[in-house]
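2 protein chains.
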Amino acid sequence: MTDLTLALDVMGGDNGPSVTVPAALQALKFNSQLSLILVGNQAEIDPFLVEIDSAIRARIQIVHTTEVITMGDRPIHAIRSRKQSSMRLALELVKDGKAQACVSAGNTGALMALAKILLKTLPGVDRPALVSCLPAVTGKPVYLLDLGANVSCDSETLFQFAVMGSVLCEAVHKRAKPKIALLNVGIEDVKGNDQVQQAAQYLIDTEQVNYTGFIEGDEIFTGNVDVIVCDGFVGNITLKTSEGIAKLLVHQLKRGLTQGLFVRMLSKLLAPRIQSVLSKMNPDHYNGASLIGLRGIVVKSHGNADEAAYLQAINLAATEAKRRLPEMIKDRLETILLDINN
Amino acid sequence: MTDLTLALDVMGGDNGPSVTVPAALQALKFNSQLSLILVGNQAEIDPFLVEIDSAIRARIQIVHTTEVITMGDRPIHAIRSRKQSSMRLALELVKDGKAQACVSAGNTGALMALAKILLKTLPGVDRPALVSCLPAVTGKPVYLLDLGANVSCDSETLFQFAVMGSVLCEAVHKRAKPKIALLNVGIEDVKGNDQVQQAAQYLIDTEQVNYTGFIEGDEIFTGNVDVIVCDGFVGNITLKTSEGIAKLLVHQLKRGLTQGLFVRMLSKLLAPRIQSVLSKMNPDHYNGASLIGLRGIVVKSHGNADEAAYLQAINLAATEAKRRLPEMIKDRLETILLDINN
Chain F
6 MTDLTLALDV MGGDNGPSVT VPAALQALKF NSQLSLILVG NQAEIDPFLV
56 EIDSAIRARI QIVHTTEVIT MGDRPIHAIR SRKQSSMRLA LELVKDGKAQ
106 ACVSAGNTGA LMALAKILLK TLPGVDRPAL VSCLPAVTGK PVYLLDLGAN
156 VSCDSETLFQ FAVMGSVLCE AVHKRAKPKI ALLNVGIEDV KGNDQVQQAA
206 QYLIDTEQVN YTGFIEGDEI FTGNVDVIVC DGFVGNITLK TSEGIAKLLV
256 HQLKRGLTQG LFVRMLSKLL APRIQSVLSK MNPDHYNGAS LIGLRGIVVK
306 SHGNADEAAY LQAINLAATE AKRRLPEMIK DRLETILLDI NN
Chain G
6 MTDLTLALDV MGGDNGPSVT VPAALQALKF NSQLSLILVG NQAEIDPFLV
56 EIDSAIRARI QIVHTTEVIT MGDRPIHAIR SRKQSSMRLA LELVKDGKAQ
106 ACVSAGNTGA LMALAKILLK TLPGVDRPAL VSCLPAVTGK PVYLLDLGAN
156 VSCDSETLFQ FAVMGSVLCE AVHKRAKPKI ALLNVGIEDV KGNDQVQQAA
206 QYLIDTEQVN YTGFIEGDEI FTGNVDVIVC DGFVGNITLK TSEGIAKLLV
256 HQLKRGLTQG LFVRMLSKLL APRIQSVLSK MNPDHYNGAS LIGLRGIVVK
306 SHGNADEAAY LQAINLAATE AKRRLPEMIK DRLETILLDI NN
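Those sequence lines, one after another, are chains F and G. In the numbering used here, each residue's number is its place in the first sequence (first place is 1) plus 5. In the numbering used here, each residue's number is its place in the second sequence (first place is 1) plus 5.
Excised from the complex, chain F in its bound form (with noise of 0.2 Å):
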């Protein structure tokens, strides 16, 4: 095998190996570095391996197991009774270093939850977050976290968040004194619920944050802070709105433009630049969300992922096994906050 191992829960996400393989398969292509361990049933993923070249299935293993975790088990049924679990073997073979990463695109609770308990959290942390990016006005991605891992969230989950997600955009993408704001239903101290008052107190307390205060949903997508700290109900139901809103926008579109004749010859000579800029607002375009504040890497895919974004999900799964994210985060946190719980 080569340098960087990934491990893909192949059964995960709304399609399964239809579009888990060949996008392993792409990623592979494109990457000669990387090895693949395809954990699910053989038989369903051996017809998307026939005709392939020698060199390629050369740098792929296959765990086989028919047992897979569905979108509507609960946590807790895939924890005690799924034990062999597409889901959970691969997450068994980063906690044993057999891989570097592991991605997938099922059952985010269950993820969440299985990925605490074989790969603990990091000293400090309570509880790992779903963090990804969206795109800004400035071109330059903004943070969101937790984005669905975790639906309720006291203020100090919260607090941990956004120290999480500062050493994330600091130590990784390299933005000194990332800007961070708790999302908000207003901009004044007033506003908001128990658990956003108070995170707010704990982050203005803490020099180690560079904090600048509350942010409502129309500044998300400006583009004046580095990352935005909610809980995983308000963020998943956030990035999901700013997808659905966009796919609104590109119908409208479409439909205007190609109403009449002459708008329609206009159209058709645009439509490569329309294209572009569209592909660039494209959720699949930030495909992966990682789980953060863990001792092992994991990557959640979109459920309803396509080839092209479980792809991007596969990659950002090798730029953090690359880059030994958790080491990195683990270093500057523990720092920050064994510093503040003293």
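Read the hints as simulated data drawn from the structure, not as lab findings. Positions of the beta carbon are idealized from the N, C-alpha and C atoms, including for glycine. It is possible that part of the hints are untrue.
[Said to hold, decoys possible] Simulated restraints, written as ranges between beta carbons of each label pair: (1) F:G77 to G:M333: 17 to 27 Å; (2) G:K103 to F:D199: 34 to 44 Å; (3) F:T324 to G:T71: 53 to 63 Å; (4) G:G308 to F:D199: 34 to 44 Å; (5) F:N36 to G:G308: 48 to 58 Å; (6) F:T75 to G:K88: 32 to 42 Å; (7) G:T217 to F:T75: 56 to 66 Å; (8) G:P27 to F:G218: 24 to 34 Å; (9) F:R328 to G:I122: 26 to 36 Å; (10) G:G102 to F:G218: 53 to 63 Å; (11) F:N20 to G:T324: 38 to 48 Å; (12) F:V195 to G:K88: 12 to 22 Å; (13) F:Q31 to G:T324: 49 to 59 Å.
[Claimed, not checked] BS3-like cross-link-like pairs, simulated, lysine-lysine; straight-line CA separation at most 25 Å: (14) F:K252 to F:K145; (15) F:K125 to F:K145; (16) G:K34 to G:K125; (17) G:K252 to G:K125; (18) G:K34 to F:K145; (19) G:K182 to F:K259; (20) F:K34 to F:K179; (21) G:K182 to G:K327; (22) F:K259 to G:K103; (23) G:K103 to F:K252; (24) F:K125 to F:K88; (25) F:K259 to G:K259; (26) F:K327 to F:K125; (27) F:K182 to F:K88; (28) F:K184 to G:K184; (29) G:K184 to F:K252; (30) G:K34 to G:K145; (31) F:K184 to F:K335; (32) G:K103 to G:K252; (33) G:K327 to G:K100; (34) F:K252 to G:K335; (35) G:K103 to G:K88; (36) G:K335 to F:K145; (37) G:K327 to F:K252; (38) G:K125 to G:K145; (39) F:K100 to F:K88.
Fit chain G to the known structure of chain F by using the hints.
Only chain G this time, still in chain F's reference frame:
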């Protein structure tokens, strides 16, 4: 005065009388049956009333006050200390039957608290909800509530919002058996926090509401359901996120379509069509959220509304007053809620 009289809190919002008074004059110009009571600082209102037509001036009353509720005021402060605020006086005009509806672009929390105390809720309703429309692929707007009047909601409150949304949609907008959904982080039964889980159970047990299940953020704009229910924290962020991403897309599109001479020339020719699509997506087009569940009509405008957007809010209040919205809701709601409670 005329048949229809509305009270405007002209001091509310980011821009105060410089936006609200010109919008009021527009409303009076377009609707000869309308009279307006402008509540606010006469010295700030008067400059906008010079040189106006005397027939229009005759349909304007001014209630002078210098006290204002700011965006940073806590609701409790607004209630206890600001007895002469423009917001409170405007609401009192509705309470006293001197106006049929009130419009304010001021502090949402204060408006909600004052409206509840002064106007009282309808029988069976614990808390009023803020509801507005969002655009959808089908062209038929979707109702979203609560939009920020209640930052925390228990399951019973969410249930009441679902019932009120259903009645609003059915009674006022003539949609038969409107489809009601709860906004959640997944569509599977096990997903979400305790509040949405329990609210779902209440709705499943209620034959009076056509409950269709959970809905995710990316499905809001498909138009597959008529009414979407969530707490005010989530609703506010959902609404503002939609605005933010729409602005980002417009920005990217404009930038993409002005680079290069040929593209710029083509874009100019297409500009009117693109403009027409985008203006339909402009959140201002949907400005004006109704505070429902009260014994009077209160419309909340965006704080940063411009003249056209504030005019939308005035028009919405006029429409609701003409249709006698609270009476319509009360009749249907009383039957449903009292039936459920028994």
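Do the hints match the structure? See the list:
1. F:G77 to G:M333: 17 to 27 Å: Since the Cβ atoms of G77 of chain F and M333 of chain G sit about 40 Å apart, the hinted range of 17 to 27 Å is violated.
2. G:K103 to F:D199: 34 to 44 Å: holds, 39 Å
3. F:T324 to G:T71: 53 to 63 Å: holds, 59 Å
4. G:G308 to F:D199: 34 to 44 Å: Given about 23 Å between the Cβ atoms, the range is violated.
5. F:N36 to G:G308: 48 to 58 Å: holds, 49 Å
6. F:T75 to G:K88: 32 to 42 Å: violated, 59 Å
7. G:T217 to F:T75: 56 to 66 Å: violated, 21 Å
8. G:P27 to F:G218: 24 to 34 Å: The hinted range 24 to 34 Å holds for P27 of chain G and G218 of chain F, with Cβ atoms some 32 Å apart.
9. F:R328 to G:I122: 26 to 36 Å: This hint is violated: roughly 56 Å between Cβ atoms.
10. G:G102 to F:G218: 53 to 63 Å: Once the Cβ atoms are compared, 43 Å apart, the range 53 to 63 Å for G218 of chain F and G102 of chain G is violated.
11. F:N20 to G:T324: 38 to 48 Å: holds, 46 Å
12. F:V195 to G:K88: 12 to 22 Å: holds, 20 Å
13. F:Q31 to G:T324: 49 to 59 Å: 54 Å Cβ-Cβ, so the 49 to 59 Å window holds.
14. F:K252 to F:K145: Distance ~22 Å between K252 of chain F and K145 of chain F Cα, so the pair holds.
15. F:K125 to F:K145: Distance of about 31 Å is beyond 25 Å: violated.
16. G:K34 to G:K125: violated, 33 Å
17. G:K252 to G:K125: Measuring from Cα to Cα gives roughly 37 Å; hence the hint is violated.
18. G:K34 to F:K145: Measuring from Cα to Cα gives roughly 46 Å; hence the hint is violated.
19. G:K182 to F:K259: violated, 31 Å
20. F:K34 to F:K179: Not satisfied, since the Cα-Cα distance of roughly 29 Å exceeds 25 Å.
21. G:K182 to G:K327: Judged against 25 Å, a Cα distance of about 24 Å means the pair holds.
22. F:K259 to G:K103: violated, 48 Å
23. G:K103 to F:K252: Violated - the C-alpha atoms of K252 of chain F and K103 of chain G are around 45 Å apart, more than 25 Å.
24. F:K125 to F:K88: Distance of about 17 Å is within 25 Å: holds.
25. F:K259 to G:K259: holds, 16 Å
26. F:K327 to F:K125: holds, 20 Å
27. F:K182 to F:K88: violated, 43 Å
28. F:K184 to G:K184: violated, 42 Å
29. G:K184 to F:K252: holds, 22 Å
30. G:K34 to G:K145: Distance ~29 Å between K34 of chain G and K145 of chain G Cα, so the pair is violated.
31. F:K184 to F:K335: holds, 20 Å
32. G:K103 to G:K252: violated, 40 Å
33. G:K327 to G:K100: The hint holds at about 17 Å.
34. F:K252 to G:K335: violated, 37 Å
35. G:K103 to G:K88: The given pair, whose Cα atoms are some 18 Å apart, holds under the 25 Å limit.
36. G:K335 to F:K145: Given pair K335 of chain G, K145 of chain F is violated - Cα atoms ~50 Å apart, limit 25 Å.
37. G:K327 to F:K252: violated, 36 Å
38. G:K125 to G:K145: Roughly 31 Å between the alpha carbons, so the hint for K125 of chain G and K145 of chain G is violated.
39. F:K100 to F:K88: holds, 15 Å
Of the numbered hints given earlier, the model fails hints 1, 4, 6, 7, 9, 10, 15, 16, 17, 18, 19, 20, 22, 23, 27, 28, 30, 32, 34, 36, 37 and 38; all others are met.
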